[in-house]
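S.K.: Chains Z and E are the protein sequences, given in the same order.
Residue numbering for the first sequence follows my numbering, beginning at 1 and increasing consecutively.
Residue numbering for the second sequence follows my numbering, beginning at 1 and increasing consecutively.
Hints were generated in silico from the structure; no laboratory data involved.
Take these hints with a grain of salt, some might be off.
Pairs of lysine-lysine residues, derived as DSSO-like cross-links and limited to a Cα-Cα distance of at most 27 Å, are as follows [to be verified]:
| id | chain 1 | residue 1 | chain 2 | residue 2 |
| --- | --- | --- | --- | --- |
| 1 | E | 168 | E | 196 |
| 2 | Z | 529 | E | 188 |
| 3 | E | 175 | Z | 529 |
| 4 | Z | 583 | E | 205 |
| 5 | E | 168 | Z | 529 |
| 6 | E | 188 | E | 175 |
| 7 | E | 168 | E | 188 |
| 8 | Z | 133 | E | 98 |
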Amino acid sequence: MRRLRALLAPLAVIAALAVACPAGAARRESDKLPPTRVRDLNFGDVLFYYFQGPDKDLEAITRIEAYEHWGLLSHHRPEADLLLGSLYLDLGLHNAAGAIFARLLTPDVPPGVRNRAWFYLAEVWYERGYLEKAEQSLARIEGRLPPQLEAQRTHLLSNVLIRLGRDEEAVRLLDHWQGPPDWLAYARFNLGIALIREHRLADADRALAAVGTLVTRDPELATLRDRANLAIGYAHLQQHDAAAARPALERVRLEGPYSNRALLGMGWADADLGDYRDALVPWLELQRRSVVDAAVQESYLAVPYAYGKLGAEKEAASSYENALTSYGAEGQALDAAIARVESGKLLTGMLAGNAKAGRYGWYRQLKTLPNAPESRYLYDVFAGDDFQAGLANYRELGEMQRTLTEWSSSMDAFGDMIDARQRAYAVRLPRADRLLGSGALDRMQRRRDELASRLERIVREHDVAALGAPDQQARWQRIRAIETSLAAAPHDAKTDGLRDRLRLVKGVLYFEMDAAFNARVWRERRTLKDLDLALHEAEERWIRVERARRSVPTNTGEFASRVAGLETRIAALQVRLASTRAKQGDYLAQLAAGELAEQKQRLAAYRVQARFELASLYDRAASREDQAQTPPAAQKEPPR
Amino acid sequence: MKLSTFRALLIGATILCAALPSGAAPAVPEAAPSTAAAAPASPAADAASPAGSAGTSAAGSAPGTSAAGPAGGSPPVTQSPSAADTRALDEEAQSLKKDVVDLNRDLYVLEEELLYPANTQVAVFLSMDVGSFFGLDSVELKIDRKEVANYLYTPREVDALMKGGVQKLYVGNLKTGSHELVAFFTGKGPNDRDYKRGASIKFDKSIGAHYLELKINDRQHRLQPEFEIKDWGE
Numbered sequence: 001m002r003r004l005r006a007l008l009a010p011l012a013v014i015a016a017l018a019v020a021c022p023a024g025a026a027r028r029e030s031d032k033l034p035p036t037r038v039r040d041l042n043f044g045d046v047l048f049y050y051f052q053g054p055d056k057d058l059e060a061i062t063r064i065e066a067y068e069h070w071g072l073l074s075h076h077r078p079e080a081d082l083l084l085g086s087l088y089l090d091l092g093l094h095n096a097a098g099a100i101f102a103r104l105l106t107p108d109v110p111p112g113v114r115n116r117a118w119f120y121l122a123e124v125w126y127e128r129g130y131l132e133k134a135e136q137s138l139a140r141i142e143g144r145l146p147p148q149l150e151a152q153r154t155h156l157l158s159n160v161l162i163r164l165g166r167d168e169e170a171v172r173l174l175d176h177w178q179g180p181p182d183w184l185a186y187a188r189f190n191l192g193i194a195l196i197r198e199h200r201l202a203d204a205d206r207a208l209a210a211v212g213t214l215v216t217r218d219p220e221l222a223t224l225r226d227r228a229n230l231a232i233g234y235a236h237l238q239q240h241d242a243a244a245a246r247p248a249l250e251r252v253r254l255e256g257p258y259s260n261r262a263l264l265g266m267g268w269a270d271a272d273l274g275d276y277r278d279a280l281v282p283w284l285e286l287q288r289r290s291v292v293d294a295a296v297q298e299s300y301l302a303v304p305y306a307y308g309k310l311g312a313e314k315e316a317a318s319s320y321e322n323a324l325t326s327y328g329a330e331g332q333a334l335d336a337a338i339a340r341v342e343s344g345k346l347l348t349g350m351l352a353g354n355a356k357a358g359r360y361g362w363y364r365q366l367k368t369l370p371n372a373p374e375s376r377y378l379y380d381v382f383a384g385d386d387f388q389a390g391l392a393n394y395r396e397l398g399e400m401q402r403t404l405t406e407w408s409s410s411m412d413a414f415g416d417m418i419d420a421r422q423r424a425y426a427v428r429l430p431r432a433d434r435l436l437g438s439g440a441l442d443r444m445q446r447r448r449d450e451l452a453s454r455l456e457r458i459v460r461e462h463d464v465a466a467l468g469a470p471d472q473q474a475r476w477q478r479i480r481a482i483e484t485s486l487a488a489a490p491h492d493a494k495t496d497g498l499r500d501r502l503r504l505v506k507g508v509l510y511f512e513m514d515a516a517f518n519a520r521v522w523r524e525r526r527t528l529k530d531l532d533l534a535l536h537e538a539e540e541r542w543i544r545v546e547r548a549r550r551s552v553p554t555n556t557g558e559f560a561s562r563v564a565g566l567e568t569r570i571a572a573l574q575v576r577l578a579s580t581r582a583k584q585g586d587y588l589a590q591l592a593a594g595e596l597a598e599q600k601q602r603l604a605a606y607r608v609q610a611r612f613e614l615a616s617l618y619d620r621a622a623s624r625e626d627q628a629q630t631p632p633a634a635q636k637e638p639p640r
Numbered sequence: 001m002k003l004s005t006f007r008a009l010l011i012g013a014t015i016l017c018a019a020l021p022s023g024a025a026p027a028v029p030e031a032a033p034s035t036a037a038a039a040p041a042s043p044a045a046d047a048a049s050p051a052g053s054a055g056t057s058a059a060g061s062a063p064g065t066s067a068a069g070p071a072g073g074s075p076p077v078t079q080s081p082s083a084a085d086t087r088a089l090d091e092e093a094q095s096l097k098k099d100v101v102d103l104n105r106d107l108y109v110l111e112e113e114l115l116y117p118a119n120t121q122v123a124v125f126l127s128m129d130v131g132s133f134f135g136l137d138s139v140e141l142k143i144d145r146k147e148v149a150n151y152l153y154t155p156r157e158v159d160a161l162m163k164g165g166v167q168k169l170y171v172g173n174l175k176t177g178s179h180e181l182v183a184f185f186t187g188k189g190p191n192d193r194d195y196k197r198g199a200s201i202k203f204d205k206s207i208g209a210h211y212l213e214l215k216i217n218d219r220q221h222r223l224q225p226e227f228e229i230k231d232w233g234e
């Protein structure tokens, strides 16, 4: 019997549930589970597709459902259902998955399995923005999970609470929480954020400083450290405490993803302290970076602002003009990007660039960004859960369209097959009906029974002549006839002599037949056995013919109506697929275009401000020139 | 592991670090800890605001759009979809996908019932246990001396078999009565040498679906693979 190393008992549970976490890891995790055995080959077939990865998820789902329909998974029913739930999750059908879990995760299921199921379901709901459902799923976890998972659970719950605006609850959850070191850093960070939102800056400072001063080589933790420093730095800046902000901002790495914002903040901290010359250092550094970044864009205004404060109006004016040029060029690039997105080129490029990504499964996120002008503006949008999930939906709906198109072409073949079967039946049915109506099998059975009873009589009566060879039987008949004749003849020497000779001949013949009798009985019995076998086979065939005959009218008719019904469903779903996919495409384009539009608006605002400041500068310069040209007496006039 | 990012829009005085904790940064390699969705929440929009406004307020004409919005106040050209839109579309997609999944099942059931009626159906499965001594490349199947399948395996399929999957290698129709199945396994044997072995079985097909399983096992004490055929019967 097969031994699986994949899943625990119940078999598919963890593998199933593991799908809800990042797919690769989840499937790997299943390897750690105790071995179990496949008792229904068809369940093994489902696993064969499941283990091949997300590309085969739809195939695995189809097979589970079909095998359950035929009752072929009787030994694996709960596991198969849980596996189905997990595959639903992978396909983004979290409502259906949630319903399965709610039904199957009863107290009969081991608590560890149950808890993991609820945890992974919560994760999926959280990522798709169903925060209340995520919280409900987390609440169904009983007791404590293994340390790493427990840490993830706490973390997930704190995220849910923060996103729901329940910061105080998040603070209570995280305040004294202890866990594995890496997760502790995340917990401190989240605690800091919740505290900032609760306007408890001093407490937030302590929590975030703990993260912001981490010594680590882990790139992810280093990024978290930057985020913590940036958050606390900006929180202090907001409170006009530039001196407190500076050390935190200085800790942000110069080349990290948050360096631009940190440099901008550093400049503002210096400016807030009145040190405009120092403020110019980070801001000028920013101007050497890509103008796509909002912090860099703002630096184009900040630099001339600082020049202005330092009295370098000429440099300030030049910088404002430089800002206007940069903003103008960037605005044109944004317009082109918006036009491309609105023309639908975004998705085309995205799908082409990720052709090797899985056909199904919403965890199949973008591996590479399309090499398109708009990509550089949309990193954050592409990274967002909404976009990722929407893109997965878009791709999957397209694959489903293709799948149904393939089925659609098969339907014609099915129709032809049913027609051919009906024609064949039209020819064969009369023949079958004649045969079934002939009662031939019953007649044969009766003949066999007669034969058997005759043999029994022969054995019982030891009728050796009945089994004699044909010549023996002929001779035996002649002897019996002569015997009868002699019985009526008078007794004299001649007839008595004949009687003696006849008795001798009869005795010899009887002896011959008797000697062969047992062998002949054995042979006859064997013949009878062979006849029984043949009759049994004929009977089976007869039953099959009868069964097939009975099923003919309903069978072909039922198939024909099923084909017709399915064709209608395919056509209706193709329409819905096309419509929903188009909506999904529009939605993705809206997400991207909305982001681009926001960036454009921001840029427009910067341009307005740059123009205004430049005009003000020129005005001030012009008025100074006027004042310089006006006689001293006139200069003493009060300004209007 | 997905690196969490927060969506930051620096608009003058405001850093908009939206609390979207689990955004996966594209093209960023995954790393431990495997937080996935459990990446940390991000600084809230208003709480972690930068001090652009500090400079701004002091100067009166500081750069940046201190109003945290476009100076002109015109509505955005294109609005991003709302959360309600997102959810409604997601619900619609879910419902549609479920309908397609159901239809797919019904189509599969029809196809199987039409092509392989239970009375005549015969199915041959293939399974592997461990597989240390044999790397499977292909399997050729003959029923009653007629080739019915010749399957070449991909690494992914072999991997799935090694993990415990059982492949339904062949489904067909057979009359009742006695039949013979012969299977030839080709691949790499011990010491990475080309390896081809056969196995055969005679079986009696009666009414009802008949299952046979080709099993590839490791025979530890002989350090050789072993090929068997198991008759699961009806």
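S.K.: Given the proposed pairing of residue 175 of chain E with residue 529 of chain Z, does the C-alpha separation stay at or below 27 Å?
M.R.: Cα-Cα ~24 Å, so holds.
S.K.: Hinted pair, alpha-carbon criterion (27 Å max): residue 133 of chain Z, residue 98 of chain E. Please report holds or violated.
M.R.: Judged against 27 Å, a Cα distance of about 20 Å means the pair holds.
S.K.: Starting from residue 168 of chain E, check that the Cα of residue 196 of chain E is at most 27 Å away, please.
M.R.: It holds: about 21 Å lies between the C-alpha atoms, which stays within 27 Å.
S.K.: Is the hinted pair residue 583 of chain Z and residue 205 of chain E satisfied, with a Cα-Cα distance of at most 27 Å?
M.R.: Judged against 27 Å, a Cα distance of about 53 Å means the pair is violated.
S.K.: Hinted pair, alpha-carbon criterion (27 Å max): residue 188 of chain E, residue 175 of chain E. Please report holds or violated.
M.R.: 36 Å, violated
S.K.: Would you check the hint for residue 168 of chain E and residue 529 of chain Z, treating anything up to 27 Å between C-alpha atoms as holding?
M.R.: Outside the cut-off at roughly 39 Å; violated.
S.K.: Would the hint linking residue 529 of chain Z and residue 188 of chain E be met if the CA-CA limit is 27 Å?
M.R.: 51 Å, violated
S.K.: Given the hinted pair residue 168 of chain E and residue 188 of chain E, is their Cα-Cα distance within 27 Å?
M.R.: 22 Å, holds
In the structure shown, a violation is registered for the earlier hints numbered 2, 4, 5 and 6, in ascending order.
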